[in-house]
Amino acid sequence: MKIKHWCLAIGLYLGATVPVAAEELTGRLFVSNEWDHTISVIDPETWEVIKVIEDVGGQRPRDMGFSRDGTKLYVALGIDDLIAIIDPYEMELIETIPGGEDPEAFTVHPETGHIYVSNEATAQLMQIDPEAGELKGGIDVGLEPEGVVSTPDGSIIAVVSESSHMVHLISWPDHEVVANILVGTRPRELTVTADGKLLYVTSEVAGEISIIDIESREIVKNHRFSQRRARPKDVRLNADESLVFVSLGRDNTVAVLDAETLEEVDLIDVGDRPWGLAMNRERTLLAVANGESDDVSIIDTETREVIKDIYVGDSPWGVIFHDFMVEKEMPPR
Amino acid sequence: MSRIGRSSAAIGWLAAVTLSTAATADEIVQIAFIGDDSGDAYQGASMGLDEINRAGGFLGFEFALTAVADHEQIDDDAIAVLVTVDGASAGDVAGAFPQLAVFNTGSDDDALRALCRDNLFSIMPSASMRSDAIAQWQQQADDEDISAVAHHHRFRRYSSGDLNGRYVEAFDEPMTESAWTAFVAVRMVGDGVTRTTSREPDALIEHLWGLESFDASKGQPLSFRENGQLRQPLWIVQGDDVLGESPVEGVVDPDDLDTLGGVSCSK
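Just so you know, the protein sequences line up as chains Y and V, in that order. Heads up, the first sequence is in this note's numbering, so the first residue is 1 and it goes up one at a time. Heads up, the second sequence is in this note's numbering, so the first residue is 1 and it goes up one at a time.
Since the hints were derived computationally from the structure, they do not count as laboratory data. A quick note: this is a predicted structure, and the numbers were derived from the prediction, not measured. Treat each hint with caution, since some may be false.
Said to hold, decoys possible - In silico contact screen, one side only, chain V against chain Y (beta carbon under 8 Å); selected entries: (1) A55; (2) F58; (3) L59; (4) E62; (5) T66; (6) D70; (7) G165; (8) R195; (9) S213; (10) P221; (11) D255.
We put the beta carbon where it would ideally sit given N, CA and C, even for glycine.
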């Protein structure tokens, strides 16, 4: 007993002074369930739900992201105006911090680790320092801001405004809105290429996806989906960026497009109303949150087939694999 | 809108966002409003104005809304006019001002649609749209005392809840159907001007006829029929409860908005 106490004391001492090496990432898939206010955690080997985190610190969990070192999961809690900080190893809530008004979607800045979150109710992009648990300030954008992404070098933060139909480009670190680009009606999400040059933006009501050249600030390519029920929501690129995967909402499919021409290559049936997408680090697997069938589909990005459907909670919104560190590499967007 | 200023002040600015192009007076896009300037329709139009000025501000456009007692007082430089339920006949206004985009936001009279004027756009659903929506619903359920409306504050899907939230924040009361139709009309003007980058009424009218995917928080891309009626799904309500949506799935194709009401011109 005496020895144990002694070790514990040393451990505490070391923990307080020496930076602890980042633990192994778990590879687990985290799923935010928008309307039962929980997070399902799925084992990537067995595809079993290994835990449902019942207490996420508030209501309406939507977008998720990891701290730069991968040791903390951030979750936007829209109803309670909070960001939850969750331990991805213990799978439990650590604390909550302010998230601005109605936080929905966010990105974790690759240089600072600050959270840039769309505040839907006040039409701002809010900067949060999660370490200090402080709101740093809001940047005015269009109405109902949603998807946010940072270029890999962090120099540009792009955010869409659903109700003003724009993509806003914000320079970092000076936080100036440097461009406002009109796109199709109700833009929802966007992703960026590894070289930081192109954005892929979905427009839900227009049923479109557009490619924006960040430097020229122009739409360089546009595609309107032919499916009448297509309501494009989330978007991800595959490993060599030759293909783009788009969740089509009411069409109950994920479309696969040629990333250069935006021609449709494939259409994959998934559950009902697919919204959130997540690639694993190698981008061999794509997880799809199906909001109306309350399940997650796992797609093999090579064969483009669904290899697993996993029942989760009420209205899954977002998905994310715990297998990357923003401080080391670009998130698998 | 005050809520934006208030929240910004409370949080404090990280960086001043400099918005380009303060429009000069003659560049301000004028929208006229015929009707009671203290009622819900005017409130809806005002909220629409705040929103198009916010979006327009990023792109160098500014808009103004002027309430007038009757159509003889409409400014020469107006681009569009809203005619509300307590205003004059929208058909008369459209006839008197053939160069302006005229929005009927108050009347559900089918005869107004049958006029098929080139510059008259009805945001309010027609009476025949309402009755068809109810008839479709009653093929599946025997609910009594139901109505079909363009908007209801209890309906929360498709960001409609967010829209209501903004209205309640601004006016401390739920958004009515008349407020919604006026709001949508003003948003259409703003959308048209920023997308065409023209302040001219004829460009706006052409834009409105070519609309394919207007977004009015109804989950569907909206457009105008040849009779100037806005295609839109309606919500089935009973008392203060929303029962469902129409076109009714299982009765008709839920995406076929032309199953509701008169579609074509009588002439």
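Quick rundown of the hints versus the structure:
Interface restraint check for A55 of chain V: the shortest CB-CB distance to chain Y comes to about 4 Å, inside 8 Å, so the restraint holds. Look at F58 of chain V: its Cβ gets to within about 4 Å of chain Y, closer than 8 Å, so that hint holds up. At about 6 Å, the closest approach between the beta carbon of L59 of chain V and any beta carbon in chain Y falls short of 8 Å, and the interface hint on this residue holds. Taken as an interface hint, E62 of chain V does not check out: its beta carbon lies about 15 Å from the nearest beta carbon of chain Y, beyond 8 Å.
Against a cut-off of 8 Å between C-beta atoms, the interface hint on T66 of chain V is violated, since the closest Cβ of chain Y lies about 23 Å away. Look at D70 of chain V: its Cβ only gets to about 33 Å from chain Y, farther than 8 Å, so that hint breaks. Hint status for G165 of chain V: holds, given a least beta-carbon distance of 7 Å to chain Y, under 8 Å. This hint holds: R195 of chain V has a C-beta 6 Å from the nearest C-beta of chain Y, less than the 8 Å allowed.
For S213 of chain V, the shortest C-beta to C-beta distance to chain Y is roughly 4 Å, which falls under 8 Å, so the interface hint holds. For P221 of chain V, the shortest C-beta to C-beta distance to chain Y is roughly 5 Å, which falls under 8 Å, so the interface hint holds. Satisfaction of the interface hint for D255 of chain V is found here, the shortest Cβ-Cβ separation to chain Y being roughly 6 Å, below the 8 Å cut-off.
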